[in-house]
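Here is how the chains run, residue by residue.
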Amino acid sequence: MNQFKGQTLSWELKDGVIELALHREPCNEIGSLTLEELEKFASAMERMQNQAHALILYSTMKSGFCAGADLRELYQGAQGMEKQGAARSVREFLERIHKVMNAIDSSPLTTIAALNGVTFGGGLELALVCDLIVADKMARFCFPELRLGLIPGFGGIPRLKRDLGNAVVRDLLLTGRSFNATKAQQVGLVSQVVGEGESLNAARGTAAQLGKFDRRTAIAAKKFIKPIPYEDLQQEIDIFCELFTQPAVEAGLKKFVESKDAQPYLP
Amino acid sequence: MADDKKTLEEILNLAAAQFKVPREKLTADDDFFKTLGIDSLQALDLLTRLEHHFNVELPDYELQGVSDFRTLASRIQARL
Chain A
657 MNQFKGQTLS WELKDGVIEL ALHREPCNEI GSLTLEELEK FASAMERMQN
707 QAHALILYST MKSGFCAGAD LRELYQGAQG MEKQGAARSV REFLERIHKV
757 MNAIDSSPLT TIAALNGVTF GGGLELALVC DLIVADKMAR FCFPELRLGL
807 IPGFGGIPRL KRDLGNAVVR DLLLTGRSFN ATKAQQVGLV SQVVGEGESL
857 NAARGTAAQL GKFDRRTAIA AKKFIKPIPY EDLQQEIDIF CELFTQPAVE
907 AGLKKFVESK DAQPYLP
Chain B
33 MADDKKTLEE ILNLAAAQFK VPREKLTADD DFFKTLGIDS LQALDLLTRL
83 EHHFNVELPD YELQGVSDFR TLASRIQARL
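Just so you know, the protein sequences line up as chains A and B, in that order. Counting in our numbering, the first sequence tops out at residue 923, every number present. Counting in our numbering, the second sequence tops out at residue 112, every number present.
Treat the hints with caution; some may be incorrect.
Dumping the calculated BS3-like pairs for lysine-lysine here, alpha-carbon to alpha-carbon at most 27 angstroms [claimed, not checked]:
id	chain 1	residue 1	chain 2	residue 2
1	A	Lys911	B	Lys66
2	B	Lys38	A	Lys839
3	B	Lys52	A	Lys793
4	A	Lys718	B	Lys66
5	B	Lys52	A	Lys718
6	B	Lys38	A	Lys793
It is worth saying that the hints were derived from the structure and are not from the lab.
In isolation and in its complexed conformation, chain A is listed as follows (with noise of 0.2 angstroms):
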């Protein structure tokens, strides 16, 4: 299947590059509806590889890539259920993604993500599976768990931990403050900051350069140097599903989903 509609992001495999668009109002939060349509890409990418060398990931969503976790369904999922029963479920849930994301992360494509806007949470994760990352300078980067009372439970510890310095992971994990592209770039994390609205064709322009490339080195070449850390992803899983069940979480979660406020994605 080259080409996909679903209800939550779309995607298409044209000259060699396989554009993955992500389009769920407000800022495209993953739940389980997202999840599934990720199961169904990561298996087609599997698929199209072998008529592809890149992999871009977007947002159609003039708010941002991805505002992470779906929270509001995380919240109304576990209400009802005993406590054990919601971190099992929330466990299988990470599981699943888990292997979206080992599968883009150690995709033999090379991946690009195109940034706008809010990069938050599990979209910052989604963002940090891919080999370049591509921000305009609106694009801005968080890791607002630590305010549910929760660690990133979508890889990006490990992953943040892998690509860049520990002191940059611990700013971002233990402040929980969010940070511009220039920042990013200057951190690491990004590769190219571009103008407003400009990611996109940015990355388009990267993976046509890809495209001159040997595969089979480029293939060897990212599997020499990006190892998946399976063992500090398994651990996160770990950590995250114990915390699930401290009734910190569950009052943060009913504070955020039932915020009257303005500022529910401010720390």
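Based on the hints, put chain B in the right spot on chain A.
Positioned in the frame of chain A, the structure of chain B alone reads:
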């Protein structure tokens, strides 16, 4: 003090232009969420634009509870 005033003026001009509100309708003590009619995602957009405009880094926890232009200006001024 003169710098504070200049910073405030630049914020008001930028907010008016970005959110298409007549500049004369904005005052220093306005609640910008209400006056600009913005939500938290748009507030982040404003924050990013201000960081670029003033070439500063504004940790968002420093802006917790800040909703008027005057206080916002003083937070930015402290980082210049």
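Comparing the hints with the structure gives:
1. For the proposed pair A:Lys911 and B:Lys66, the alpha carbon gap of about 21 angstroms is at most 27 angstroms, so the pair holds.
2. Distance check on the hinted pair: B:Lys38 and A:Lys839 sit about 25 angstroms apart at the alpha-carbon level, within 27 angstroms; holds.
3. Simply put, B:Lys52 and A:Lys793 have alpha-carbon atoms about 20 angstroms apart, close enough for the 27 angstroms limit, and the pair holds.
4. Of the supplied pair hints, the one linking A:Lys718 and B:Lys66 holds, its CA atoms being roughly 21 angstroms apart against a limit of 27 angstroms.
5. Only pairs whose Cα atoms come within 27 angstroms are accepted, and B:Lys52 paired with A:Lys718 is accepted, the gap being roughly 17 angstroms.
6. Note on B:Lys38 and A:Lys793: the hinted pairing holds, with a Cα-Cα distance of about 24 angstroms set against a maximum of 27 angstroms.
In terms of the numbered hints stated before, the structure departs from none.
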